[in-house]
Amino acid sequence: MSDRTERPTADEPNATTGTTGPVEAAPSATGPAEEVVEITKSGRAGHPATGGGEPLLEVRDLAVEFRTREGVARAVNGVNYSVHAGETLAVLGESGSGKSVTAQAIMGILDTPPGRIAAGRVLFRGRDLLVAPEEERRRLRGERMSMIFQDALSSLNPVLSVGYQLGEMFRVHRGASRREARERAVDLMERVRIPAARERVNDYPHQFSGGMRQRIMIAMALALEPDLIIADEPTTALDVTVQAQVMELLAELQREFHMGLILITHDLGVVADVADRIAVMYAGRIVETAPVKELYAAPAHPYTKGLLESIPRLDHKGKELYAIKGLPPSLTALPTGCSFHPRCPMATERCTTERPPLHTVLDASEAPVEGRGSACHYWKETLHG
Amino acid sequence: MGRYVVRRLLQMIPVFIGATLLVFLMMYALPGDPVRALWGERSVDEAQIAAMKADLGLDLPLWQQYLNYLLGLFRGDFGTQIASGRPVIDVITSALPATLRLTALAFLITVVLGVGLGVIAGLRRGGKTDRAILFVTLLFISVPVFVIGYLYQVFFAHNLGWARPTVQDPTAWSQLLLPALVLASLSLAYVARLTRTSVAENKRADYMRTARAKGLTGRRAVSVHLMRNSLIPVVTFLGVDIGNLMAGAIVTEGIFNVNGIGSAVYRALSYREGATVVGIVTFMILVYLVVTLLVDLLYAVLDPRIRYA
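Quick note, the sequences are listed as chains A and B, same order.
Sequential numbering from 1 applies to the first sequence in our numbering.
Sequential numbering from 386 applies to the second sequence in our numbering.
Derived by calculation from the structure, the hints in this document are not laboratory data.
We put the CB at the ideal spot given by N, CA and C, even for glycine.
Hints are supplied without guarantee of correctness; some may be wrong.
[Said to hold, decoys possible] Some chain A residues well away from chain B (every beta-carbon gap over 12 Å; in silico): (1) 118; (2) 119; (3) 121; (4) 126; (5) 130; (6) 137; (7) 168; (8) 210; (9) 242; (10) 245; (11) 315; (12) 321; (13) 335; (14) 349; (15) 367; (16) 380.
[What the hints assert, rightly or not] Heads up, simulated DMTMM-like pairs for lysine to aspartate or glutamate below, C-alpha to C-alpha not over 25 Å straight-line: (17) 588(B) / 111(A); (18) 513(B) / 111(A); (19) 588(B) / 233(A); (20) 588(B) / 203(A).
Can you make the complete structure from the sequences, with help from the hints?
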């Protein structure tokens, strides 16, 4: 896996892949992303060529449960999404909506027990990871897919120097020597623009500021130039000015390496600037998926609509801030039908009994909108009404 | 770091003076006196006793006796035993090696077995191995050392014949093994339980999740990432524990008839040999202080968040 050639850089026609990905549950949506896949193929010697529009990562009907004392908590209930190379998918949702659990299931770092993957497939370049042997998955982690965590202070080992922790990637996956690994660690730190990298390589995580620590996390995830990065709320623990810097850095590096990026967040503001597509999660399901601009312009699910309306706006100054009424449901006792119905202003009798599939969203001329889906019986009314 | 060490070394001076004074006072408070003890049951000529006391400086006021003792110490003179006429320093240096050897062996057993069992139990928390280790360590904690000592003697020496019931030659490690096991059992149980909790807790830490997400092998994640963090509280405990082991050695030496500090102190106490008792206790206190200093320095090496200024 180490015989990789140089990667193409950002001068390719990139980052405009907003509408490339077909939504799995929307069968009529076809949006091959030839140019994107071509780039990936040429940059990947020794890898089986992937088919035309085949995504980098495809999650199908993933279901994850946790055994708790109160019963089985269904954290993820049939999630579908896909990410292409060079694409940024934002997974949006409240705490407990299953977005992090999905990510951990993809990475294979779910705590089992108490967690259990009840159903589904996680296809990475067409290979189902859920049936792959653990050793193969371990090799993939860090090398092909890596993860950035929310709280860099607790996610980095407090008693090992950052240089050691960065260099470890090269030592474990590439068999680098101690000295070599240290050199690569300095390179990485320079790459994520940590000032005086060479002097600071032997420092410990607590000696860095929050933003710098998150840069180190990013550097660690990027170390082996993986195909896919999952960033689990990478900026939540940072203050706003640093948030912007870190997001910018992440977006820039993603463009440069042409990686697929899954950005997990609950911050609608972060998403708008960097994401190509958005998948909104609620109670362990994707309730809406759409290209970022279209979702902001016209949400097709009442939950998304509620989220957007609850953003404070300057032109609404003095008015009462909107909030979605009620609380997220308990995962051990999910509501019947649509999980959102107890909180939904549009809910009817039908919503309490019939679970809505992810409908393909059609535009005004009845043509399917590429990559748009909404798990609401009344998506049409939500969208146009 | 250097300033910290100097400060810690300077702190030893008041501890040293305080400890010697305390033991000195306690010896004085005990009934009986060493000169009279020389005559045993026989009738005594009071004039002879008074002359001998004056000769030894025991007729002086207490503070003067203490001062003389301290001045002697600074000249390297630990005093002389009244009954045997041996210099106290000889008594200490002949008895100390056996005790140090016993303590060191017990400490080694504590570290190896205690940490080892603790890691195994912590990694498999809730499993059968874990429960077995918890049960055994609870037994060690609740049964007094002398009971464990006699049980080991009966079981390993008399019934199985694997070891001698008493130590004939305290320079032979093989003979010291059984008493060292007895001495270590209590500390070992505490260390195992502490390690277990620490490992189990750190196993769930965020950085362990990161280690897995980095694609590290399970072995590397445990040995490099988990162990360094889990051992920090254990090392602190081990430092304090050396003192307990030295004190415990005195009881264990009694059970296994080891000719160490324990028997020397016991004999000195029965003859009211103040100088010997003070000398031995002071010496042990110094060993303890040095070891705790070393452990505290080691603590800073293990945990970079701790900086001594």
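Assertion that residue 130(A) lies farther than 12 Å from chain B (Cβ): Non-interface label stands for residue 130(A): nearest chain B Cβ at 16 Å, farther than 12 Å.
Whether residue 210(A) stays farther than 12 Å from all C-beta atoms of chain B, as the label says: 15 Å, holds
Residue 121(A) and chain B, when compared Cβ to Cβ, separated by more than 12 Å: Residue 121(A) is indeed farther than 12 Å from all Cβ atoms of chain B, at 21 Å.
Residue 168(A) non-interfacial with respect to chain B [C-beta, more than 12 Å]: Given that some Cβ of chain B is not farther than 12 Å from that of residue 168(A), nearest at about 7 Å, it is violated.
Non-interface claim for residue 367(A), where every Cβ of chain B lies beyond 12 Å: The assertion about residue 367(A) holds, with a minimum of 41 Å to chain B.
Straight-line alpha-carbon gap residue 588(B) to residue 233(A), limit 25 Å: 22 Å, holds
Beyond 12 Å from each Cβ of chain B, as asserted for residue 137(A): It is violated; residue 137(A) is separated from chain B by about 8 Å at its closest Cβ, not greater than 12 Å.
Distal placement of residue 335(A) relative to chain B, Cβ over 12 Å: Consistent with the label, residue 335(A) stays out of reach of chain B, its closest Cβ about 31 Å off (over 12 Å).
Outside-interface status for residue 118(A) - nearest CB in chain B farther than 12 Å: Holds, because the least Cβ-Cβ distance between residue 118(A) and chain B comes to about 21 Å, which exceeds 12 Å.
No chain B beta carbon within 12 Å of residue 349(A)'s: 44 Å, holds
Residue 315(A) non-interfacial with respect to chain B [C-beta, more than 12 Å]: 40 Å, holds
Agreement of residue 588(B) and residue 111(A) with the hint, judged by alpha carbon distance not exceeding 25 Å: Status holds; Cα separation ~11 Å.
Of the numbered hints given earlier, the model fails hints 6 and 7; all others are met.
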